[in-house]
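**Q** Now for the letters of each chain:
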Amino acid sequence: MYFSMNSTTSLLSVLILTSTEEKSAIIIDTPDDSFVQMIKKTGGPNIQNCYQCGTCSGSCPAGARTNYLVRGIIRKALLGLKEQCISSPELWYCTTCYTCTDRCPQDVMPTDVIKAIRNVAVAEGYMLVPHQKTALKVLEAGHAVPLDSENWQNLREKVGLERVPPNASRYPEAIEEIRKIAKKTGFDKLIEEKEEKEE
Amino acid sequence: MAKKSFYHFLGCIIPHRYPSIESAAKLVFKDLGVGLLDMEGASCCPAPGVFGSFDRVTWATIAARNLTIAEAGGHPITTGCNGCFASLWDANHEMKHDDELRDAVNENLAEIDREFKGSIEVWHYVDALYSQIGLEKIREHITRPLKGVRMALHPGCHWMRPKQIKKKDDSERPHIFRDICETSGAEYVPYKDELICCGAGGAVRTADVKLALEFTKQKFDSLLEAGGADIIVTPCPFCELQLDMGQVEIQKHFEAEYHFDVLHVMELLALSFGHEPEEFGLATHLQYMQRKNQPNWERLGIEAKT
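Going line by line, the protein sequences match chains A and B.
Each step along the first sequence adds one to the number in the working numbering, with nothing skipped, and position 92 is 83.
Each step along the second sequence adds one to the number in the working numbering, with nothing skipped, and position 69 is 70.
By construction, these hints were calculated from the structure, which means they are not laboratory data.
Hints are supplied without guarantee of correctness; some may be wrong.
Derived DSSO-like pairs (lysine-lysine); straight-line CA-CA distance at most 30 Å [stated by the list, open to error]:
1) B:LYS253 <-> B:LYS293
2) A:LYS67 <-> A:LYS32
3) A:LYS171 <-> A:LYS32
4) B:LYS148 <-> B:LYS193
5) B:LYS31 <-> A:LYS31
6) A:LYS171 <-> B:LYS97
7) A:LYS149 <-> A:LYS128
8) B:LYS97 <-> A:LYS31
9) B:LYS193 <-> A:LYS32
10) B:LYS148 <-> B:LYS211
11) B:LYS118 <-> B:LYS4
12) B:LYS253 <-> A:LYS149
13) A:LYS128 <-> B:LYS27
14) A:LYS175 <-> B:LYS118
15) B:LYS293 <-> B:LYS148
16) B:LYS118 <-> B:LYS148
17) A:LYS124 <-> B:LYS253
18) B:LYS27 <-> A:LYS32
19) A:LYS149 <-> A:LYS180
20) B:LYS118 <-> A:LYS128
21) B:LYS211 <-> A:LYS67
22) B:LYS97 <-> A:LYS180
23) B:LYS293 <-> A:LYS149
24) B:LYS31 <-> A:LYS149
25) B:LYS164 <-> A:LYS67
26) A:LYS174 <-> B:LYS193
27) B:LYS193 <-> B:LYS164
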């Protein structure tokens, strides 16, 4: 997209960029609240408390450096704009620091709302490849950060510890239990489906 | 009275990347006369911002499986990781207050012949030290006060937030972590961005390491503006990884060079309890391994035998 920036058109360019001429507005007569109900059920029960003050975004260290806008995502969700919410890459810029949650005057618990929207996104196939790989590690090794090389065992020995700690790294039956859980919840399928899509 | 004991939840990063923290924690709890019991077969907590963002019920079920290991033995859990603490504490709390979640989790756990009962508590090391052991008892063990060492703090997020639910400390004006660190005799150095996130959490480091490092860099610059410090202390190994290894990564991504020694609170206490750095392997932090250098012993006021 290119706009010539001479003095007569610069103001106009700004207007175009921020107006519906460039991208048509989504007209909402009656918001579809099925997405809100889904979020409430998935861990964001207080989303409807939001009165859009923006304290969340004003407090957000991710929002200070990216286009991640907690307030915007919550408003979109309240308007039922599910696809816009779950497909946006910035949904994954939240570090879950909970500063917004601790400052929200309406007890919206925005961090939990974002996590709930992420749950819906993953259920509908929006999962980043590095995240899928991390999830797979837990199913393979019992740990997101596994003891996956001799070097790490040497490091343990160097600090006076046994080479393999008494966690799932030592007990294969523990990893088997994790796999059974993932199979029961269908989590293993969520990861598989993504793999097929990538191919 | 029987000796107080905790199940020791290791998680992933402490035992697999920063084992010096595990070693230091064992020294410190032993000195304090508190038992640490192995949690055989405990898995990933699983990472709250990662698994919690993917599927809440799977997250809660894997966390509950870890809790059942401690429930079987009847001792509370302690952990030295903000993330592990968040998963275990939050899952424990949520299942005690949300019958629907608890039922879903127990239906899943039945597959592996386990059941969440809700019979134990979860404590972060910071919590265990402050409310279960007490500052007075810690002070009795300080045999090498770190006088003159200028100490910046990075409390991190998940042991005290969300504050209304955790009810541990005021996350806007926290004092507990500082109180513990100050028992070491080191001098607290405030800086503007002390309370912002290290940048690693919420699956951000996994997805976009450069973005995560921008948070870290902001913290470092804020600390330098405040006059710098000799050490940065944190209660979390993921924050430690981000602040320690992050310096090597920042150099790569931003061509900015920082040299901070980053210590877990257990490493700080082990030193001030009189243990030598090589007893728990302070020099094995990944920053030093990558840069092929050592902690700044002079700034730490410690002579290393290496």
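**Q** Now, for every hint given, state plainly whether the structure supports it.
**A** How the hints compare with the structure:
| no. | hint | verdict |
| --- | --- | --- |
| 1 | B:LYS253 <-> B:LYS293 | 16 Å, holds |
| 2 | A:LYS67 <-> A:LYS32 | 18 Å, holds |
| 3 | A:LYS171 <-> A:LYS32 | 25 Å, holds |
| 4 | B:LYS148 <-> B:LYS193 | 24 Å, holds |
| 5 | B:LYS31 <-> A:LYS31 | 45 Å, violated |
| 6 | A:LYS171 <-> B:LYS97 | 24 Å, holds |
| 7 | A:LYS149 <-> A:LYS128 | 25 Å, holds |
| 8 | B:LYS97 <-> A:LYS31 | 19 Å, holds |
| 9 | B:LYS193 <-> A:LYS32 | 38 Å, violated |
| 10 | B:LYS148 <-> B:LYS211 | 36 Å, violated |
| 11 | B:LYS118 <-> B:LYS4 | 24 Å, holds |
| 12 | B:LYS253 <-> A:LYS149 | 28 Å, holds |
| 13 | A:LYS128 <-> B:LYS27 | 28 Å, holds |
| 14 | A:LYS175 <-> B:LYS118 | 20 Å, holds |
| 15 | B:LYS293 <-> B:LYS148 | 28 Å, holds |
| 16 | B:LYS118 <-> B:LYS148 | 47 Å, violated |
| 17 | A:LYS124 <-> B:LYS253 | 24 Å, holds |
| 18 | B:LYS27 <-> A:LYS32 | 41 Å, violated |
| 19 | A:LYS149 <-> A:LYS180 | 40 Å, violated |
| 20 | B:LYS118 <-> A:LYS128 | 28 Å, holds |
| 21 | B:LYS211 <-> A:LYS67 | 28 Å, holds |
| 22 | B:LYS97 <-> A:LYS180 | 28 Å, holds |
| 23 | B:LYS293 <-> A:LYS149 | 16 Å, holds |
| 24 | B:LYS31 <-> A:LYS149 | 20 Å, holds |
| 25 | B:LYS164 <-> A:LYS67 | 27 Å, holds |
| 26 | A:LYS174 <-> B:LYS193 | 46 Å, violated |
| 27 | B:LYS193 <-> B:LYS164 | 20 Å, holds |
Figure legend: structure checked against the earlier numbered hints; hints not met, in rising order: 5, 9, 10, 16, 18, 19, 26.
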